[in-house]
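Participant: Protein chains in written order, with my numbering: chain L, 1 to 429; chain D, 1 to 429.
Everything labelled a hint here was simulated from the structure, so no lab data went into it. As the structure is a computational prediction, the values presented were derived from the model and not from experiment. All residues carry an ideal CB built from backbone N, CA and C; glycine is no exception. Errors might be hidden in some of the hints.
Computed, partial: chain D to chain L, Cβ under 8 Å [as the list claims (entries may be wrong)]:
#, residue
1, R34
2, P38
3, P138
4, A293
5, G295
6, F299
7, S307
8, Y336
9, A338
10, L339
So you can see what is in the structure, the chains are spelled out below.
Number of protein chains: 2
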Amino acid sequence: MRTRPLKVALLGCGVVGSEVARIMTTHADDLAARIGAPVELAGVAVRRPSKVREGIDPALVTTDATALVKRGDIDVVVEVIGGIEPARGLITTAFQHGASVVSANKALLAQDGAALHAVAEEHGRDLYYEAAVAGAIPLIRPLRESLAGDKVNRVLGIVNGTTNFILDKMDSTGAGYQEALDEATALGYAEADPTADVEGFDAAAKAAILAGIAFHTRVRFDDVYREGMAEVTAADFRSAKEMGCTIKLLAICERAADGGSVTARVHPAMIPLSHPLASVRGAYNAVFVESDAAGQLMFYGPGAGGSPTASAVLGDLVAVCRNRLNGATGPGESAYAALTVSSMGEVVTRYHISLDVADKPGVLAQVATVFAEHGVSIDTVRQQGKDGEASLVVVTHRASDASLSGTVEALRKLDTVRGVASIMRVEGE
Amino acid sequence: MRTRPLKVALLGCGVVGSEVARIMTTHADDLAARIGAPVELAGVAVRRPSKVREGIDPALVTTDATALVKRGDIDVVVEVIGGIEPARGLITTAFQHGASVVSANKALLAQDGAALHAVAEEHGRDLYYEAAVAGAIPLIRPLRESLAGDKVNRVLGIVNGTTNFILDKMDSTGAGYQEALDEATALGYAEADPTADVEGFDAAAKAAILAGIAFHTRVRFDDVYREGMAEVTAADFRSAKEMGCTIKLLAICERAADGGSVTARVHPAMIPLSHPLASVRGAYNAVFVESDAAGQLMFYGPGAGGSPTASAVLGDLVAVCRNRLNGATGPGESAYAALTVSSMGEVVTRYHISLDVADKPGVLAQVATVFAEHGVSIDTVRQQGKDGEASLVVVTHRASDASLSGTVEALRKLDTVRGVASIMRVEGE
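Excised from the complex, chain L in its bound form (with noise of 0.2 Å):
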């Protein structure tokens, strides 16, 4: 074994930082038979500097993360900050003077992953980020070399445990969305501003990272079609049940089926109760794989929290430095494939619809005409009544969702529909 050791710098020592920095530490002995060296811990970049980080030596602190990258004798960088700017800024300037990086930043990933792979490989350095999408649940590494010889078709997945604990919560309690929200907040599941994770923003950028590895292309952020789950209710999850189904927001990366575009969206779903999904209850994560030779595999796991995350920084931490001694890089960014990414219009799949309507006879016949003439075709229609007004919920077989968008538009344009209670996607079958 190499007893001079790997240097380490970390940008960032919050929740996950700190529980790296206490790992390296605790484990060290560990991390040095896996790598074939020692680590040490080199200097860490934080905001305030003057805040007492237990088991860190205060020699390390700066808050010029600028010049910690650039010293010239570290090998790896950690950048657990989150964000765009400073976080690219400074991978950049790591690559530069000669570290590799392992990072935790999904959005950055997800905006800006191709030209910071591009500035790896032009210095001849890893960039790693099993920790960016799903926490501890090894799903980059998986993805990106297990089945580097088999071809995916179909990432289907919960990748934000806030959103799964609010609708596991509404779910197993009949609990509204905002008082499931309520609870997440007191319980430290959702953030002051759960804006990120609601809004599906944060799910959004696990879904373009893992659609770029899943079928060897680009996928940016802003391909991503992103519905949040604030307007999730009880009666939807009402719904739901009569269906056999529970509602789960989920990540869908697809492959058409002429294998030459893809598909990554965003956005509560319903999925029938015997799907392996349905049953990922509060802030787990779970992931779904469907591929030609190796056919349906799951991922599961803490999607979050620090040590979960640190887990899987760590995990890249040891690849990043034995191939650091080995003079080689793990594999890069591999977007050969260079496929179109869809809108969401030409995605292909089932609609549970619920419209407020008249109650009188002939209603029926002009809301099924509509879906007619739209080329979308009925599987099963409810009909109940009560005080002269009725609700109608209709479910349709695969259809695309423009046909399913303009079918909508035009049942809101008739006299005897008094509103679209709601719309949703039905996955997982």
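Let chain L serve as the given structure and place chain D on it in line with the hints.
Facilitator: Just chain D now, with coordinates in the frame of chain L:
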């Protein structure tokens, strides 16, 4: 991209081998893009050369496997023969003649993994074997790479699809063991001689491999305690249901609480219906991993079959080819922890014991005294009498297997105990 192809020799062309060859042809462009060079099937060693093999150039087929691995121009040998010899000799010869090896051979790895790793290392070559455990499910790579910075404490899994199919059938239909086995055989899930599966030999080989990788130590097939599932009865399933459990054949690898030793075992066990492994149906496999930082992870997918196993082989093939182009090797054997493998007697778990007893006063007191004398604490007792005979179902708190064995031995000597109907461990709580 390099244009000179990497040469692959295939040893064995059965269900898995023919699928590997097929995918190498149909996905040739994808594989080349992912590796950075084309791969070429340079030879296929078989036992019956006259058999027609669709898609394989007959000129590549040979019965002289030794000559093939000695050719000197082979970059990677893919071994899918199975069994100890000639596979062991051929793999050794392959390393000696400069090739790296991808193997799906659980029996060989479980028996001689350390020796094979040593030869690979001596010659600076790779030995990869993702396909040896749980088919297509990425498990070896996540354990040895993704969790390389974490500390794994427990691996608990369903790693044999045949036995899971049989147990699932017994659970869902109330069928007896023989009836369920017959159906598995008729459907092709069980082999004509099902011994390796139902007696737990197959699962024990996988447990040895998983324990070794998870705990960075050497665990051989002979170190694994093994009990088959032929004794599991419909009555056991009824008892399990009363406890809110089902029965699975589990491979369980554990680090002792003091960290200094490990255990590995395969046996049928009751697990709560709420445990994610309880809902693994049919011939699927799933492995639960518990670690310090990541927490609880689960990996799920098809555990056998030509295509899934080929997917795992090809993932390894891509990695080994990439290493070769880089002039590097991947992680080799990691056995630095050199932990003791403790015997089954030291395993601590809970037990469900069903006794046939005389239906007269004082029996329960006698039985309870025997448990107490052996230091096994009772959680619940259920007594049911009929026609002068009674059955007594005892569920214990956690106790060592040695204490439990002593208890059972003493119970058998009691005049009032007519027989011990079943003993089953309770796991996953």
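Participant: None of the hints should be skipped; say for each whether it holds.
Facilitator: Here's how the hints hold up against the structure:
no.	hint	verdict
1	R34	holds, 5 Å
2	P38	violated, 13 Å
3	P138	holds, 4 Å
4	A293	holds, 4 Å
5	G295	holds, 5 Å
6	F299	holds, 6 Å
7	S307	holds, 4 Å
8	Y336	holds, 4 Å
9	A338	violated, 10 Å
10	L339	violated, 12 Å
Consistency with the previously given hints fails for numbers 2, 9 and 10, ordered from lowest to highest.
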